[in-house]
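Asker: Just so you know, the sequences run in chain order A and B. Just so we're aligned, residue 1 is where the first sequence starts under our numbering, counting upward by one. Just so we're aligned, residue 1001 is where the second sequence starts under our numbering, counting upward by one.
Calculated directly from the structure, the hints in this document are not laboratory data. Misleading hints may appear alongside valid ones.
Straight-line distance between alpha carbons at most 25 Å, and here's what the computed SDA-like set of lysine to any residue pairs gives [stated by the list, open to error]:
| # | chain 1 | residue 1 | chain 2 | residue 2 |
| --- | --- | --- | --- | --- |
| 1 | A | K231 | B | R1202 |
| 2 | B | K1273 | A | D160 |
| 3 | A | K50 | A | T135 |
Label-pair distances were calculated between CB atoms; the ranges are [said to hold, decoys possible]:
| # | chain 1 | residue 1 | chain 2 | residue 2 | range |
| --- | --- | --- | --- | --- | --- |
| 4 | A | P21 | B | G1195 | 48 to 56 Å |
| 5 | A | D206 | B | Q1166 | 43 to 51 Å |
| 6 | B | P1154 | A | E237 | 27 to 35 Å |
| 7 | A | A212 | B | V1312 | 41 to 49 Å |
For every residue, glycine included, the Cβ atom is placed at its ideal position computed from N, Cα and C.
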Amino acid sequence: MKVLVAVKRVIDYNVKVRVKPDNTGVDLANVKMAMNPFCEIAVEEAVRLKEKGVASEIVVVSIGPKASQEQIRTALALGADRGIHVETDEEVQSLEAAKLLKAVVEKEEPKLVILGKQSIDSDNNQTGQMLAALTGMGQGTFASEVVVEGDKVNVTREIDGGLMTVALNLPAVVTTDLRLNEPRYASLPNIMKAKKKPLDNMSPADLGVDIAPRLSTLKVEAPASRQAGVKVADVAELVDKLKNEAKVI
Amino acid sequence: MSILVIAEHDNSSLKQATLNVVAAAKAIGGDIDVLVAGENCGAVAEAAAKAEGVNKVLVADNAAYGHFLGENLGELVAEVGKGYSHILAAAGTVGKDFMPRVAALLDVAQVSDIMRVESEDTFVRPIYAGNAIATVKSSDSIKVVTVRPTAFDPVAGEGGSAAVEQLDVVKDAGLSQFVSEELAKSDRPDLASAGIVVSGGRGMQNGDNFKMLEQVADLMGAAVGASRAAVDAGFVPNDMQVGQTGKIVAPQLYIAVGISGAIQHLAGMSDSKVIVAINKDEEAPIFQVADYGLVADLFEAVPQLEEELKKVL
């Protein structure tokens, strides 16, 4: 079965985020970029499904500027078979990303689409669910286990307070949570091989999708910074302050 | 304006997060209806009708909604919600699951995890795990919004007397089936919604030592969390991780024990009301965000903390 994985290029999670002085956004100039951590987990899951003989082909798709090809190549080095780059320099919001992915799904007809549950930049947690709704597929969100059995996939989901398992008809959409797997690192020979794997390039217009955003960002600010408080001498003083000053216990 | 709030519940009781979301709805202004979708959820509807500021409670009681499957809830809420100007739900795992489906079916954007209402179409929300705060304006006719419950003080859960109306809309998408559920049996509250969180870091040295934190947590009715360093070292499972790639928490009291305060951890807890840090390294960055810092060996301080708490609680 064919598996489609969507990956996003975002700021590296180790980089300290700085808001631009003019409050128009976050400063991304000369900042290290990487594959969104949840998307790495999505790629790893697809590769494991292929290693188990469940998946036959892994297609990786990314939407974004030319440099997003780096993340596609990373996924190819990790074991994906071919890439699709939907190239645009415009901001693509979740609904429009889902529409672009829907167009790719209609062309590729995968049995399973795996995405990260959210990207660590916009933190929306929407695209997978929107894609599932637009394509009429079931969804296994925040997955910690994915088991394909015949024409169904059982997905164990991380929910508030525990775990829940659902059975979805295939084709289906899965979004990954942290515990699903631990992504591997790409080996140097595989990085070299990935350079020769096929990568298709297309535009949102080629897919017939209008990507005009519905939400406008009026301003972006740094969060109210916390002031360092006081040092207490011992535990007794700490408990006294918590009870009588902060009144939180 | 008319606002539809989707109740969060477990079929037997209304979760407090619903009252926080109603508070967000009040901040927008307009008539507030609450939709209770579930199975045998009459008691929930009665509770919702008592909440302050609620105009009407709509009940969709059917097996299709019993396990809150996103496919079914998505279709139901898109159908019921299309006559409203706003659709709001708590940004818990249920709301996060079905609300984007609602938005997609209505062909509108969703505004996720809002922490403040600026006006009927403008909302403030965290991005980059709270390292930046964005003010966003929606141009859509229906605003689909998920609300961070901890950011809004709940409305009163008693005193209201809204009318309760049964809906006979049954939407079973037939795409998914519930198989099983395994809810943590711990009496401790859920990490993401706990009022007090006690977290341990690499300084805990091993998983067994987390028992010390659990004892302190149980005294206070707190949840137990961990830093990524503690998770990566294998001390505790990943679902306890607080941070940018783990759970984002904003309790009344956060106690960080043996946690240095890496950026990725601070991103997950710096919205807490009061932060306590216990660390033997007085240069640890965690002290820069802590309201109360104690420079001490945690293996001495934590047992002392347990004893002191026993005296006052």
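Asker: Hints first: check each against the structure and report whether it holds.
Answerer: Hint-by-hint comparison with the structure:
1. Distance hint between A:K231 and B:R1202 is fulfilled; the C-alpha atoms sit about 22 Å from each other, no more than 25 Å.
2. Restraint check: the Cα-Cα separation between B:K1273 and A:D160 comes to about 22 Å, which is no more than 25 Å; the hinted pair holds.
3. A C-alpha spacing of about 24 Å is found between A:K50 and A:T135, which places the hinted pair at or below 25 Å, so the restraint holds.
4. A beta carbon spacing of about 37 Å between A:P21 and B:G1195 contradicts the range 48 to 56 Å that was offered as a hint.
5. For A:D206 paired with B:Q1166, a C-beta distance near 49 Å keeps the hint of 43 to 51 Å intact.
6. In this structure the hint that B:P1154 and A:E237 lie 27 to 35 Å apart at CB holds, the actual value being about 33 Å.
7. Taking the beta carbon of each, A:A212 and B:V1312 are about 58 Å apart, not inside 41 to 49 Å as hinted.
Hint check: violations occur at hints 4, 7; the rest are consistent with the structure.
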